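> Order-wise, the sequence lines are chains A and B. Once you know that position 150 of the first sequence is 150 in the working numbering, the rest is easy, because the numbers rise by one and skip nothing. Once you know that position 242 of the second sequence is 242 in the working numbering, the rest is easy, because the numbers rise by one and skip nothing.
It should be emphasised that the hints constitute simulated quantities derived from the structure, not laboratory data. A hint or two may mislead.
To be verified - Computed Cβ-Cβ distance ranges for the label pairs, DEER-style: (1) A/V164 to B/T106: 25 to 33 Å; (2) A/T252 to B/G232: 31 to 39 Å; (3) A/R102 to B/P182: 38 to 46 Å; (4) B/K293 to A/V43: 33 to 41 Å; (5) A/P180 to B/P147: 25 to 33 Å.
As the list claims (entries may be wrong) - Listed next, the stretches of chain B that the computed footprint assigns to chain A, with coverage defined by at least 3 CB atoms under 8 Å from CB atoms of chain A: (6) 82-90; (7) 132-144; (8) 236-243; (9) 279-285.
From a predicted model like this one, the values you see are computed outputs, not experimental measurements. Just so you know, even glycine gets a beta-carbon here, dropped at the ideal spot from N, CA and C.
Protein chains: 2
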Amino acid sequence: MSADASRPTPAGTTVAATTGRDGAAPGHVFDDAIRLVPEAPGVYRGETSAAYGNMVGPFGGITAATMLNAACLHPERLGEPVSLTVNYAGPVADGAFRVAARPVRTNRATQHWWIELSQDGVVATTATAVFAIRRETWASTEASAPPAPAPNEAERWPIERARVAWVRNYEMRFVRGAFPDPRRMPMLDDSTSLLWVRDDPPRPLDPLSLVALSDVFFPRTYLRAAQIAPAGTITITTTLHADAAMLARQGTQPVLARAQAQAFGGGFFDQASAIWGEGGAMLASSHQTVYFK
Amino acid sequence: MSADASRPTPAGTTVAATTGRDGAAPGHVFDDAIRLVPEAPGVYRGETSAAYGNMVGPFGGITAATMLNAACLHPERLGEPVSLTVNYAGPVADGAFRVAARPVRTNRATQHWWIELSQDGVVATTATAVFAIRRETWASTEASAPPAPAPNEAERWPIERARVAWVRNYEMRFVRGAFPDPRRMPMLDDSTSLLWVRDDPPRPLDPLSLVALSDVFFPRTYLRAAQIAPAGTITITTTLHADAAMLARQGTQPVLARAQAQAFGGGFFDQASAIWGEGGAMLASSHQTVYFK
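Okay, chain A solo, but in the shape it has when bound (with noise of 0.2 Å):
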């Protein structure tokens, strides 16, 4: 993956590059995860997904794409999303429950969305999301992608590792700051992950699976407190780079993606991330903070 240099962005990116997933989707996994049944304007029906169950709850990158979701089926939604921002309130438990997205403001070129899901009338996730038509501009990449081999270089993260289901549906491989083997866990000075990751079995990217793969991370403190104790988002927001094109350039390849920490202190850390895909461009970039023990 090559140093960035300056692009101008393709023409044609004004096509919006999202489509919501309803019932009518096909059956990949991840679409049947972030499936949405429409109740009433603006309110969905969807379910979790025990193949991207996490520890306690679904898996956070799965409920940023459904929440992403809602949105993106909304007869109302203009263009494309630019910015999405989830809260994790409190607990998904398994099972059923109701998103309601709202936009709060539809300007020209740009839409802002209030966006809640609950259960039992109860909120357990929140989120704000702003939709825009994108413009031909001045492009570039700054935050060049990382040095890497090619995906086919790294090794794969064995799945049998894995100890929560969520993880057996990304095709992981570390290019450093792999998940640590608890036998031998040393404090490490710098918190960095980066790896190729996509979606296995491989699924085109688009903005749903883009928000979600902007969450892969595991906990920095695993490998700069050497700790595995419990830690999960509390909010976490993401840009979308990428528009239509971009999109399809990259389809179903690996993206390059990173997470550093940046600060630890008093139950909480931030943690920066980005991704970068087909000619070293950036796709995402995120910022979360975590809460962790």
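Could you slot chain B onto chain A? The hints should help.
Coordinates of chain B only, in the frame set by chain A:
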């Protein structure tokens, strides 16, 4: 400012650092600007401040502080702010506005908020916030403060060059990436700005001023694309690392603030930023998506 070593979280950090600023607050220009008067439970009335005027409407940082202030003032508030996302959905017109803050979910140690700023019933700004009771844990600033001369060794940015009012309320001492001189504007490979900054007149740091400081950076396109063209934050998320003890240690001293864009294209770029304080501890980190022309 030394590179940080691991440091324990000081005792007593569960003391709330946060007291909202209401009508009775003292007359610092910042407190005047973010002042809110309760109208009904969770509903406050505020007014834009000419002192924090930007190109169009108020400085985004003062709006962020005002949104956070509404949650801080709310009688049901739990603990301190840990994360704030502010979405600039539309322009805020000069004059009065209403801010509604609602605790969406309150857990034992965390609380999630929805906050909405409106004028004449039209939503202009939305926000979500996470408050929490901080606990004593392992602590460390992994992303060290960049090397910088002492604040008094860096030249103060000449306030007479300010094109907008809000800049006059900050003492800015650029170490690199200063606001460019329009007569000599090369395109740079690196959009980084690094500066010492504090309120002017000095004001003891608190979560409200910290979220405002997290948005003091001019658009990264000014440096990278060498064009002073319209640009504005669409959404900003700030993780607040500073607890009460860290804020008290910081007092009115300048903080070291760094910002860099990561990728540009399709009319948007993202910006990662961080603020370090006394002893090199990270006080806050942010991620924003910016619209540009």
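> Each hint should be assessed against the structure and marked as holding or not.
Against the structure, the hints:
For the pair A/V164 and B/T106, the beta carbons lie near 28 Å from each other, so the given range of 25 to 33 Å is met. Taking 31 to 39 Å as the suggested C-beta distance range, the pair A/T252 and B/G232 conforms, at roughly 36 Å. Between A/R102 and B/P182 the beta carbon distance is about 42 Å. The supplied range of 38 to 46 Å therefore holds. Under the hint 33 to 41 Å, the C-beta atoms of B/K293 and A/V43, about 37 Å apart, fit the expected range.
Distance hint check for A/P180 and B/P147: the Cβ-Cβ separation is about 31 Å, which falls inside the suggested range of 25 to 33 Å. Only residues whose beta carbon comes within less than 8 Å of a beta carbon in chain A count, and the stretch 82-90 of chain B has 6; three or more means the coverage holds. Given a C-beta distance limit of less than 8 Å, the hint that chain A covers the stretch 132-144 of chain B holds, as 11 residues qualify and 3 suffice. Residues of the stretch 236-243 of chain B lying with their CB closer than 8 Å to a CB of chain A number 4, which satisfies the three-residue condition for coverage.
Beta-carbon proximity to chain A at under 8 Å applies to 3 residues in the stretch 279-285 of chain B; the threshold of 3 is reached and the given coverage holds.
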